[in-house]
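Asker: Residue numbers (my numbering), protein chains in the order written: chain A, 1 to 488; chain B, 1001 to 1209.
Since the hints were made in silico from the structure, they are not lab data. Heads up, some of the hints might be wrong.
Claimed, not checked - Cross-link-like lysine-lysine pairs, in silico, DSBU-like; alpha carbons within 35 Å at most:
| hint | chain 1 | residue 1 | chain 2 | residue 2 |
| --- | --- | --- | --- | --- |
| 1 | A | Lys162 | B | Lys1030 |
| 2 | A | Lys148 | B | Lys1073 |
| 3 | A | Lys167 | B | Lys1073 |
| 4 | A | Lys312 | A | Lys291 |
On a predicted model such as this, the values are computed, not experimentally measured, just so you know.
Spelled out from the first residue to the last, the chains are:
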Amino acid sequence: MSRKLVIDPVTRIEGHGKVTIQLDDDNQVTDAKLHVVEFRGFEKLVQGHPYWEAPMLLQRICGICFVSHHLCGAKALDDMIGVGLGQHIRLLPGPEKIRRLGHYAQQLQSHVTAYFYLVVPEMLFGMDAPPEQRNVLGLVEQDPALVKRVVALRKWGQELIKTVLGKRMHGISSVPGGVSKNISIEERDRFLQGEEGLLSIDEVIEYAQEGLELFYQFHEQHREQVDQFAVVPALDMCLVNDEGNVDYYHGRIRIIDEHKHIVQEFDYHDYLQHFSEATEAWSYMKFPYLKALGREKGSVRVGPLARLNVTKTLSTPLAEAALKKFHAYTNGRSNNMTLHTNWARAIEIIHSAELIKALLNDTDLQNTELLMIPADTAWTGEGIGVVEAPRGTLLHHYRAAKTGDITFANLIVSTTQNNQVINRTVQSVAQDYISGKAEITEGMLNAIEVGIRAYDPCLSCATHALGQMPLKISVFDARGNIIDELCR
Amino acid sequence: MTNSHKKTLFSHDLPATPMDPALQASRDQKIKVAMIGLCGCWGCTLSLLDMDEALIGLLDKVTILRSSLTDIKRIRQRCAIGFIEGGVANEENIETLKEYREHCDILISVGACAIWGGVPAMRNEVELSSCLEEAYVDSITAVANAIPTIPYHEDIPRITTKVYPCHEVVKMDYFIPGCPPDGGTILKVLDDLVNGREFDLPTTMNRYD
Ligand code: SF4
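One chain only, chain A, in its complex shape:
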């Protein structure tokens, strides 16, 4: 009998997703999909609010990469008031570096959370380990010393975010044209030298290297499985600087193919010329793609794997050494092995830590000139911001009326960029692990989730758009009274 397999909800990811797999009478997989099952509506609900609220409101899209949303929004507002990159005006050095510091701290914190809390359990226990075990509880039981180090690492990232942005989550420091506060010597020294209950930067770098070691060990033991799991060819996209290397805060958008040839490169302010977003009935998440290539060929991959495929070098020594090894593994071609995303993520943890160290030693952080205040005539009323969020290229685009009220907002978030490629991954794993098997186990379905988790998708982020209310639904309150009832 034909059957449908369902994973509901997909766990150990941020946000809400569901997987369905269709099997025919011979147990062959005929279809497999990731459905994003939530939406929220930020693009619409921000309209009518004063423009300066956008970075505060829109970071509520995501509790793990809020700094990226906050900064992306702030960059768009820089453009809007006429001191931004849309006008080729860079911020003062102090504020730009302070924003970068917050951004790198978040990349560290976000990657550490994703890698250790969500992905490492599979590396240690295996994909078909007991579902109760392959998680952070299992880690604590098996290796409490490791978990202690992970907790310390994450805490350090969060504390640095708090110092730069004012709060551990949903910060308040970036304002149009700059930042509202600098970093004092005392604040800086806490992170350089550490204190009771807080690591020093050198310990952070040391712990970060252990994360990469963990991947190497895992790879060594399971080379075939890791290398053959969901090999999904795709274009890779990220922001690059003038040298063609990844820049997490600002740059041009570069897209490369499997041979690392540049397929397209453009100023992100021109994104509308290049991107369309398709919609499918079965998911609230859209499918962006490059217009020139069409949806099949023009869907891109973003995030750690894409960035390390695109970049030629990394600007810090330990990360650069690790990158050389990463590049050598595929002989100069793009790496399409989905599970190597975790390798790339571990390298980026080290890179973020090293970038932070360099910045902490930069005295521009103590600058007191923090804001550019443009003349009223500089107001453009429109702004676009793009950053490399932990999960990939993130875009915010706003327009505001002269009075300052937002009239339009469009967002393309990293996980949405990955939608097509994640779905290809789900199909690939379903074919390899499920198709034609007589008995289906929970572990085989977890393999699909492993493929999804490699992208560290943030489905909370991906559901900013408003959808519709199909058919009729009644909502009852605690006493059983109908409080909402609607028809399509």
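Position chain B with the ligand relative to chain A; hints supplied.
Answerer: Relative to chain A, chain B with the ligand alone:
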């Protein structure tokens, strides 16, 4: 709609590798906690991790059942405490919230979204039809000349027109305000409850941003 006649198998009902009995026994002795995100941003869930090293200490006494951090997809045992992040924005949120209410002795709304709908509830001001058009018909990146598709499928839940606070759908026992509340605040609540003390959150620990 075409697949409704098919036999549906959920991953959490399929045969799984069993837990080591000794490990399971040690967990069985612990106080069971569950936590889940409904319509939120995952920030409140991560605030639980912001308990930092105190979390490791607590795990001597506490174990976690259904949550987005474990692969336990349904609550099958009685739970002492359930933490809820996010408000109610679709029918799946309603089902999940009811499952938690049914299985948890104490249910706690964590954060602005769970308590009053939070930022997502700002959509309550907007007419649904205009939301639809904004997202899928008039979107600036919509595919040119394509017939607009509006998501509508048996495998995605239907959306409520308004976003609701959890306590409008089921009874909630306690509330921890903030966007998000600090890890220390959640720790105080959990530590009190686990040690048999009353819920007692001083207003000085509440956050209202
Ligand atoms: S209350 Fe704030 S932090 Fe918590 S889920 Fe809602 S938006 Fe996120």
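Asker: Does each hint hold? Answer for all of them.
Answerer: Hints versus structure:
1. A:Lys162 <-> B:Lys1030: Holds, at roughly 33 Å.
2. A:Lys148 <-> B:Lys1073: holds, 26 Å
3. A:Lys167 <-> B:Lys1073: Distance ~32 Å between A:Lys167 and B:Lys1073 Cα, so the pair holds.
4. A:Lys312 <-> A:Lys291: holds, 26 Å
Going through the hint list in order, the structure satisfies each hint without exception.
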